[in-house]
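Visitor: Sequence:
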Amino acid sequence: MCAATLRPGERALDALLVRRLIAGRFPQWAGLPVTPVASAGTANVMYRLGEDMAVRLPRTAGAAEDVAKEHTWLPRLAPLLPVAVPEPLGRGTPAEGWPWPWSVYRWLDGENPAVGSVGEPVRLAEDLAGFVTALHRIDPAGGPASYRCEPLAARDAETREAIAALRDAVDARAAAAVWDEALRAPAPAGPPVWIHADLQPGNVLVARGRLSAVIDFGCMGLGDPAVDLIAAWYVLPAGAREVFRAALDTDEATWTRGRGWALSIALIELRHYRDRNPHMATVARHVLDELLHAHAVGPHRPSPTG
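The sequence shown runs 1 to 306 under UniProt numbering.
Don't read these hints as lab results, they were simulated from the structure.
Note that the structure is a prediction, hence the values are computed from the model and not measured.
For every residue, glycine included, the Cβ atom is placed at its ideal position computed from N, Cα and C.
Treat each hint with caution, since some may be false.
What the hints assert, rightly or not - Between beta-carbon pairs, the in silico distance windows are:
#, residue 1, residue 2, range
1, P79, R208, 20 to 26 angstroms
2, R167, R208, 39 to 45 angstroms
3, A30, A187, 49 to 55 angstroms
4, R106, A187, 34 to 40 angstroms
5, E51, H71, 39 to 45 angstroms
6, D52, A187, 49 to 55 angstroms
Model the full structure from these sequences, guided by the hints.
Guide: Pasting the structure below:
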């Protein structure tokens, strides 16, 4: 099931149209089976092509703008990263009534981690930290700005609007306190670095408890390294967060900004998707529960008796 309710600007798509697109642009693959891939994603639709390829088509004009970026930069980043990332095999062009470019990628095996339930949390935390560290160390020369390249303060109005709109669903006072703390954190000390910018469960693949691939680089580009710390709350359970943080060796200011990014993204997603996309809303609620519970409990400190 990959088709969801169409939003303004979306085009209807089915396997028959995908087969026609493939036949017109890549006749060598025309005889391969085309099957939809279940996904709760909001930017792209996926179809499996044969056994070892995937067709990825943007759902909106905005998502279509990411195609050229991914084809340009993923082949350059891939050799420098410790896990697999999407490998472009072909770039499709508008045809058959489809108005945007699209892609064929090599199929990557693995499963998305379940929300709030990770089989090997410590190992996954270490693997995610390894990926984030490697990505942030790549030479940023010539890289594009990330989709999430703005400072946290630029999100203030929208975040506070979301808090107000969700008073029936979240502890508004606690959310505002976490947000205020993030805004007070010092700005990044160094220049922008390469970031994935959307390390959510749907963009992470695991196999046998280990990180096997990171996918969907539509938001990638240069930005604050704190953006990628959202994985601590979006992907990892509470007990593995400190493992992730220690492996990254991140400072307090970056961690606090990362918490603010996770809060802002989850609030805005919950506000937007709670009546439109149940899966995205569930993920956002889980993130908010984790963030606000941690804020209520406070940082762990050893008792006087150890």
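Visitor: Each hint should be assessed against the structure and marked as holding or not.
Guide: Going through the hints against the structure:
At about 24 angstroms, the beta-carbon gap between P79 and R208 stays in the expected band of 20 to 26 angstroms. Taking 39 to 45 angstroms as the suggested C-beta distance range, the pair R167 and R208 conforms, at roughly 42 angstroms. At about 52 angstroms, the beta-carbon gap between A30 and A187 stays in the expected band of 49 to 55 angstroms. Look at R106 against A187: about 39 angstroms separates their beta carbons, and that is inside 34 to 40 angstroms.
Checked against the given bound of 39 to 45 angstroms, the beta carbons of E51 and H71, roughly 23 angstroms apart, lie outside it. The hinted window of 49 to 55 angstroms between D52 and A187 is violated, with their beta carbons roughly 44 angstroms apart.
Violated hints for the displayed structure, listed by number in ascending order: 5, 6.
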